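So the sequence lines, in the order shown, correspond to chains A and B.
End of the first sequence sits at 307 in full-length UniProt numbering; the numbers just go up one at a time, nothing left out.
End of the second sequence sits at 142 in full-length UniProt numbering; the numbers just go up one at a time, nothing left out.
In case anyone wonders, no lab produced these hints; they're calculated from the structure.
A few of these clues could be false.
Residues on chain A that point at chain B, a partial pick, calculated with CB under 10 Å [what the hints assert, rightly or not]:
| no. | residue |
| --- | --- |
| 1 | T114 |
| 2 | H117 |
| 3 | A120 |
| 4 | S125 |
| 5 | R142 |
| 6 | V144 |
| 7 | I148 |
| 8 | I149 |
| 9 | L152 |
| 10 | I156 |
| 11 | E157 |
| 12 | Y159 |
| 13 | R185 |
| 14 | E283 |
None of the values given here were measured: they were computed from a predicted structure.
Note that beta-carbon positions come from the ideal geometry of N, C-alpha and C, so glycine has one too.
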Amino acid sequence: MSLTRTLRQGLWQNIVSARKNVGDRNLTRMISSSASTKEAQKAEEKKQPESSATDLMPAPALNRARFVYPEFLPDPKMEWRNLIREKLERSDMMKRRRNIDIPEFYVGSVLAVTSSHVHAQRKVSRFVGICIQRQGCGLRSRFVLRNIIDNLGCEIEYYMYDPTIQKIDVLKLEKRPDRELLYLRDALPEYSTFPLDMEPIPLPEGSPVPVNDIKVKMKGRPWTQKWEKKGLLGVEKLEISQKNLIRMARAAKPWEKHDLMLEYRKTIPEEEQKEIFSEVYSELHQLELTRRKMKRKRMFVKPVKSA
Amino acid sequence: MFSNLASRLFHTTSASSQLIKLTRLRVVDNSEIGKQAMLEGKPPRIIHIYNKSGVGYIGNKVLVAIKGEKKKGVIVGCKKHQIPRAPKFDSNNVVLIDDSGTPLGNRIHVPIPLMLRTMLKEKTYKKGTDYTKLLAIATRFV
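Between the sequences and the hints, there should be enough to build the whole structure, so can you do that?
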């Protein structure tokens with residue numbers, strides 16, 4: 001990362017100015033991948049096959065990738081972007097993925113994480129829980145698991161690419177209609193209770209990930225947040241007082257959904273997503289296929305000759 | 001439920017999740033005094049934290065006021081946001097100990113963080129307070 005830091009100051013300026021002047025995306029890539037002019041020329045020669053590779057990235061594959069591997073997309077905040085760092089991070093992420101299987105999961109899926117723990121008795125700890133939050137990008141992407149153990153709610157946050165993690169098992173693969181399930185902290189305990197020895201519930205291969213439309217019942221107030229104002233979909237209807245309704249109407253910004261510039265700043269453009277995923281998708285896909293093959297192998301039981 | 005009542009017309013801020021002086025705690029061991037205090041709905045209050053920052057974290061020793069008495073305790077779980085891989089709990093838990101580090105109860109009914117195993121061992125020294133007895137009465141670690 002020290003390399004990144006030294007290169008960062010000058011190069012980023014160059015990249016931004018080059019973008020402004022020429023408006024050619026491939027030039028940006030050239031600058032970021034090579035320092036000297038000779039290499040830049042070579043890169044120009046290679047430009048043709050590269051651009052055809054990006055065209056080969058089919059639309060359904062991209063649509064799937066952006067939800068299955070959201071951590072590969074960088075934070076869209078312009079001040080925090082650094083193309084070289086992002087590239088290095090992606091290569092590090094792929095290195096990690098070659099060593100352990102980081103499965104597809106969503107907020108609402110039930111996971112079991114086995115990790116090395118210096119403080120544990122056999123140096124290994126396992127935690128089972130529902131994923132209530134997924135945030136961050138790149139190597140800093142992390143998720144929060146919640147479970148109720150001995151009638152006490154416990155939450156543990158894990159970095160997805162933490163080298164101490166030994167295994168991530170998806171016990172139940174499903175989605176919820178909300179982006180975050182932090183409201184489970186104020187919901188009745190049965191909605192976040194999962195047995196520690198829970199058996200994995202297999203999903204038939206090739207079937208779409210089911211969306212769980214369960215309506216959660218909340219505990220009585222006081223709550224940790226004002227859930228009634230958040231427009232939650234996975235919660236039984238909450239009462240909103242007249243006063244709050246008036247306040248919400250006053251604070252509402254109905255024009256924001258038409259603000260194209262706001263959306264542009266909040267998201268990574270499709271062309272850039274294509275560029276990012278065309279770099280890693282073929283290998284990710286290959287890893288996924290080998291994992292599936294291994295799974296089938298494990299499930300197959302050799303028939304025993306009877307008498 | 002309460003939103004229709006007009007009684008709450010005053011402004012309230014959300015509670016600080018840090019453990020400071022006068023924070024209420026939940027006794028999680030089965031000591032007699034702890035059980036009674038929790039049943040009466042008068043959970044103990046921190047009156048001193050034995051560290052320099054004045055904010056209690058997992059593994060810190062605290063002095064609590066419980067049923068008109070002063071008792072020492074060890075914090076074994078916080079509501080506060082924790083670093084990755086450290087557990088965050090739904091309540092602020094404490095286990096009561098005496099001056100020599102022996103727990104007042106003989107069972108802890110909730111999971112306690114794994115890192116306490118190392119932290120409390122490091123704090124223990126010969127002829128001083130022995131905190132490791134607390135680990136022996138725990139039923140589950142997370």
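A quick look at each hint next to the structure:
1. Among the interface hints, the one on A:T114 is violated; its C-beta lies about 12 Å from the nearest C-beta in chain B, farther than the 10 Å criterion.
2. Given hint, A:H117 at the interface with chain B, holds; its Cβ is 6 Å from that chain's nearest Cβ, closer than 10 Å.
3. Annotation: interface hint on A:A120 holds; nearest CB of chain B at approximately 5 Å, less than 10 Å.
4. For A:S125, the interface hint holds, the least distance from its beta-carbon to any beta-carbon of chain B being 6 Å, beneath 10 Å.
5. The restraint placing A:R142 at the interface with chain B holds, with a minimum CB-CB distance near 6 Å, inside the 10 Å limit.
6. Interface restraint check for A:V144: the shortest CB-CB distance to chain B comes to about 9 Å, inside 10 Å, so the restraint holds.
7. Hint status for A:I148 relative to chain B: holds, with the closest Cβ pair at about 8 Å, below 10 Å.
8. Interface restraint check: A:I149 against chain B, minimum CB-CB distance 5 Å, threshold 10 Å, status holds.
9. Interface hint at A:L152: satisfied, since its Cβ lies 4 Å from the closest Cβ of chain B, which is below the 10 Å cut-off.
10. With its C-beta approaching chain B no nearer than about 5 Å, A:I156 sits inside the 10 Å limit, and its interface hint holds.
11. About 5 Å separates the beta-carbon of A:E157 from the nearest beta-carbon of chain B, less than 10 Å, and the hint is met.
12. Of the supplied interface hints, the one on A:Y159 holds, with its beta-carbon coming within about 5 Å of a beta-carbon of chain B, less than 10 Å.
13. Taking 10 Å as the C-beta contact cut-off toward chain B, the hint placing A:R185 at the interface holds, the least distance being around 7 Å.
14. About 27 Å separates the beta-carbon of A:E283 from the nearest beta-carbon of chain B, more than 10 Å, and the hint is not met.
Of the hints listed earlier, those the structure fails to meet are numbers 1, 14, in rising order.
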